[in-house]
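Peer 1: We have chain A already, so just place chain B on it with the hints.
Sequences listed follow chains A and B, in order. Under this note's numbering, the residues of the first sequence are numbered 8 to 510, in order. Under this note's numbering, the residues of the second sequence are numbered 8 to 510, in order.
Hints are computed from structural coordinates only; laboratory data are not their basis. Using N, Cα and C, we set each Cβ at its ideal position, and we do this for glycine too.
Listed below are several chain B residues computed to face chain A (Cβ distance under 10 Å; list not exhaustive): (1) Gly276; (2) Asn353; (3) Asp453; (4) Ala492; (5) Ala507.
Number of protein chains: 2
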Amino acid sequence: MIPVIRVDERDNVAIPVADLPEGSEAGWGVVAREQIPQGHKIALEDIPEGGAVIRYGVALGHLLAGVPQGGLITEKMLRLPDSPDLDSLEFATDIDAELPEAPVKSFEGFEVEGAPFAGTRNILGIMPTVQCVAGVLNGAVKRMRRELLPRFPHVDDIVALNHPYGCGVAIDAPEAAVPIRTLRNILRNPNFGGEIMVVGLGCEKLTADRLLEPEEIRPGNVLMLQEHAGFVKMTDALMEMAERKLRRLEDRRRTTLPFSRLCVGMQCGGSDAFSGITANPAAGYASDLLVGAGATVLFSEVTEVRDGVEQLAARCVNSAVGRRLVEEMRWYDEYLRAGGVDRSANPTPGNKKGGLANIVEKAMGSIAKSGRAPISEALAPGERPSAGGLVFAATPASDMVCGTCQLASGMTLQVFMTGRGTPYGLAAAPVIKVSSRSNLKDMWSDLIDVDAGVIASGGSDIRTVGEQLFREIVEVASGRKRPAAERYRLFNDICLFNPAPIT
Amino acid sequence: MIPVIRVDERDNVAIPVADLPEGSEAGWGVVAREQIPQGHKIALEDIPEGGAVIRYGVALGHLLAGVPQGGLITEKMLRLPDSPDLDSLEFATDIDAELPEAPVKSFEGFEVEGAPFAGTRNILGIMPTVQCVAGVLNGAVKRMRRELLPRFPHVDDIVALNHPYGCGVAIDAPEAAVPIRTLRNILRNPNFGGEIMVVGLGCEKLTADRLLEPEEIRPGNVLMLQEHAGFVKMTDALMEMAERKLRRLEDRRRTTLPFSRLCVGMQCGGSDAFSGITANPAAGYASDLLVGAGATVLFSEVTEVRDGVEQLAARCVNSAVGRRLVEEMRWYDEYLRAGGVDRSANPTPGNKKGGLANIVEKAMGSIAKSGRAPISEALAPGERPSAGGLVFAATPASDMVCGTCQLASGMTLQVFMTGRGTPYGLAAAPVIKVSSRSNLKDMWSDLIDVDAGVIASGGSDIRTVGEQLFREIVEVASGRKRPAAERYRLFNDICLFNPAPIT
Numbered sequence: 008m009i010p011v012i013r014v015d016e017r018d019n020v021a022i023p024v025a026d027l028p029e030g031s032e033a034g035w036g037v038v039a040r041e042q043i044p045q046g047h048k049i050a051l052e053d054i055p056e057g058g059a060v061i062r063y064g065v066a067l068g069h070l071l072a073g074v075p076q077g078g079l080i081t082e083k084m085l086r087l088p089d090s091p092d093l094d095s096l097e098f099a100t101d102i103d104a105e106l107p108e109a110p111v112k113s114f115e116g117f118e119v120e121g122a123p124f125a126g127t128r129n130i131l132g133i134m135p136t137v138q139c140v141a142g143v144l145n146g147a148v149k150r151m152r153r154e155l156l157p158r159f160p161h162v163d164d165i166v167a168l169n170h171p172y173g174c175g176v177a178i179d180a181p182e183a184a185v186p187i188r189t190l191r192n193i194l195r196n197p198n199f200g201g202e203i204m205v206v207g208l209g210c211e212k213l214t215a216d217r218l219l220e221p222e223e224i225r226p227g228n229v230l231m232l233q234e235h236a237g238f239v240k241m242t243d244a245l246m247e248m249a250e251r252k253l254r255r256l257e258d259r260r261r262t263t264l265p266f267s268r269l270c271v272g273m274q275c276g277g278s279d280a281f282s283g284i285t286a287n288p289a290a291g292y293a294s295d296l297l298v299g300a301g302a303t304v305l306f307s308e309v310t311e312v313r314d315g316v317e318q319l320a321a322r323c324v325n326s327a328v329g330r331r332l333v334e335e336m337r338w339y340d341e342y343l344r345a346g347g348v349d350r351s352a353n354p355t356p357g358n359k360k361g362g363l364a365n366i367v368e369k370a371m372g373s374i375a376k377s378g379r380a381p382i383s384e385a386l387a388p389g390e391r392p393s394a395g396g397l398v399f400a401a402t403p404a405s406d407m408v409c410g411t412c413q414l415a416s417g418m419t420l421q422v423f424m425t426g427r428g429t430p431y432g433l434a435a436a437p438v439i440k441v442s443s444r445s446n447l448k449d450m451w452s453d454l455i456d457v458d459a460g461v462i463a464s465g466g467s468d469i470r471t472v473g474e475q476l477f478r479e480i481v482e483v484a485s486g487r488k489r490p491a492a493e494r495y496r497l498f499n500d501i502c503l504f505n506p507a508p509i510t
Numbered sequence: 008m009i010p011v012i013r014v015d016e017r018d019n020v021a022i023p024v025a026d027l028p029e030g031s032e033a034g035w036g037v038v039a040r041e042q043i044p045q046g047h048k049i050a051l052e053d054i055p056e057g058g059a060v061i062r063y064g065v066a067l068g069h070l071l072a073g074v075p076q077g078g079l080i081t082e083k084m085l086r087l088p089d090s091p092d093l094d095s096l097e098f099a100t101d102i103d104a105e106l107p108e109a110p111v112k113s114f115e116g117f118e119v120e121g122a123p124f125a126g127t128r129n130i131l132g133i134m135p136t137v138q139c140v141a142g143v144l145n146g147a148v149k150r151m152r153r154e155l156l157p158r159f160p161h162v163d164d165i166v167a168l169n170h171p172y173g174c175g176v177a178i179d180a181p182e183a184a185v186p187i188r189t190l191r192n193i194l195r196n197p198n199f200g201g202e203i204m205v206v207g208l209g210c211e212k213l214t215a216d217r218l219l220e221p222e223e224i225r226p227g228n229v230l231m232l233q234e235h236a237g238f239v240k241m242t243d244a245l246m247e248m249a250e251r252k253l254r255r256l257e258d259r260r261r262t263t264l265p266f267s268r269l270c271v272g273m274q275c276g277g278s279d280a281f282s283g284i285t286a287n288p289a290a291g292y293a294s295d296l297l298v299g300a301g302a303t304v305l306f307s308e309v310t311e312v313r314d315g316v317e318q319l320a321a322r323c324v325n326s327a328v329g330r331r332l333v334e335e336m337r338w339y340d341e342y343l344r345a346g347g348v349d350r351s352a353n354p355t356p357g358n359k360k361g362g363l364a365n366i367v368e369k370a371m372g373s374i375a376k377s378g379r380a381p382i383s384e385a386l387a388p389g390e391r392p393s394a395g396g397l398v399f400a401a402t403p404a405s406d407m408v409c410g411t412c413q414l415a416s417g418m419t420l421q422v423f424m425t426g427r428g429t430p431y432g433l434a435a436a437p438v439i440k441v442s443s444r445s446n447l448k449d450m451w452s453d454l455i456d457v458d459a460g461v462i463a464s465g466g467s468d469i470r471t472v473g474e475q476l477f478r479e480i481v482e483v484a485s486g487r488k489r490p491a492a493e494r495y496r497l498f499n500d501i502c503l504f505n506p507a508p509i510t
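Next comes chain A alone, as it looks inside the complex (with noise of 0.2 Å):
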């Protein structure tokens, strides 16, 4: 008999794990009166046109049309409810999870001097201040890559930093700001071990000043293209100042911490309906065992988390951050009407064929990444936390721009949750890959770090499998373990969220 999985006692939809054929019997003494496909729902009663449509124990729609006992609902048949209104919050009314307790203490990290977190990875990154400079930056690297790295054993990788930015941007438009700030702390992200290599060309927008602190402008730390007599000068100097940057790193060994110097990011991409009931909870589980011991762990997308944000601020610590949740929600609600879009805008054709009705129901599974613990502060897109503990780190929901935001507030491994499965890795740190369906792990054995999947077909449970993802977590960020994205080099570019014009 096919598993058929009801979140919650109130939910009069169900969904089976593996396609359920026309005339199966679902549980609950329901029959299929049609086909229903893996993750899609199945109507546990006859629902009335206009009738609720309830999963995770909210109302995902309501129906154009009746639906029979048995019957197959998909996204078509569903009205979208309005989104809760960000004026009649309420904050800190569930701020007093307990969270279960992490069976490991520490991890082995290369400390920044000066930095709040570590490194989970010792790496050279190189920023350019405009994307002008990348063709010769992408020589240099290669040269670098082969005639350099294998003089410095300790370091883990040499990687361009490129990025679409730096000049024909509107520089001073209200919401440069925001890649602006991305760049600036990206360069500081605890992966590069405080080294700081700024490639200029010399007449762009962004100039050093706006990435650093005065005293950070020196020779030995910014070269700009144009002063260098054409373009062997400009890689032999390149090549010079990386040999003298690798020689510092060189020197850098792990040392045992406990996980406040740690700055986890989640996030979720291709998701299906199995997403919300496996995979995002495990990783919620994992989260609150980190929270527990004191990480900073980040979670972001707000279009995918706006149709929960009464949870979210429920588990505000206080107003204040309660209020500053509130202000990102709304300067995105805004963005997008500017747009000429809602948040509808936001489910993908995968996610659809995935099972998911839309973006209430996505909504609700993709929260569940953040597991139970309090949400101590709220960040502005590419901000660093001040507090540790759970954050809510404001960032589009595209896979590349959020891992490029998160890599900004700290972040230095990321877990990544996903249905449907993508590539999906950064070279700036290390992506653990879970999968939300065991097909998907089959299929792509290869690429899946840790299969959520074992929790929809009975084999395993949530508790388990998130104490499994926690400990691959300390094993990658201790360097003993590399997910499968980095053995591969599977990197995606540096993907800027910016909201200001171009010119």
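Peer 2: Below, chain B alone, put in the same frame as chain A:
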């Protein structure tokens, strides 16, 4: 004596071709009252507070305080005039310019079946539908270059056309048409020989049907990673697909073609006060030679020509084209306004250091690259031309974004004028770099292909350098010569113009 250049007899300022020391004679009976840096403006008469500063016969702005004859005028001393009104333009009043006759009548290009333009290179271009697949695709392309390319000596290169678009975007937003059209048309750039190789994930928003015609969507052209069992199999499938495409590309040969089959893009970046009197007018002369011989020439960069819209309107072949031009300008005015800025956001610190006071002065210099030919068409960003001749292809002025949009419009070779110097280049089309000052050519001898600075120092003239540039274009287009950026593989990223929100 240091030459000092006055562009138009109405001008009340001029610029020295090298630093002009205090007390030196500038010509016209004027003596420098202070040091005038290279390319900066010296007042040729007393100009009172509020008086117009005139260069190119046009008021660049009005003085905030009076400047005596021989004094230095910098950008901070000028008030920007209002931008020209778009509602009262006269069209088609200056369309009878006589174009010079080209000394050569044909080039050697790669014909593409059914396409108006021929390729200047024979490249396998691989288009991802979404950034998610970039990691896998980059790894595969590295292997293709190593294992496959040497077996296909008639193929110039294999290029992954990675971009940040495809998912996590508001794909149905009104302005999403811009990035989608751009990608759709880049795929069809003649340098890719009509071969279609699209790599998708399987759950993204930018589905294959948004990029391809129904008959183009088949397994031979489109590969979805989610349909392949893991990383190793994905890479194998990409290798196989590439080999099939390479086999077809390998059979192509150059043939002698009329210029009507050539589409050249003009662009400038890192401009200075010489750009408008040396490199850009020389490019304009080359453009007139090309247009006169039947070629299509694109010029772009809306914010850099906005202040010269009256000149452009007069050169539109008819009022229909004029109205399209105005529509594009109006769209950009509104786009900037919505982002809280205006056209004054365009000039860079490098422009100002190079002597360009503001966007009016920059515009007068920028327009020079379009020569004197009438404007036969005006395109939205990323659109393909339907007429030949001189085409205004509206794009942002950002070098990489303009390059990306011009590739979509069918450009197969770009001419790039620079004053301050940039190592800019494109993987998909050769880029010829022209310096506005001989100092730059001396400094960057291995990066600049043509020096137009000799026009300012008196060693040559616009016509001679323009014809030299025309011959260089023909040599590069015909594959007999490779410009510096191509030789050194200095390739910038595909930087997509996406005025719509991301989610």
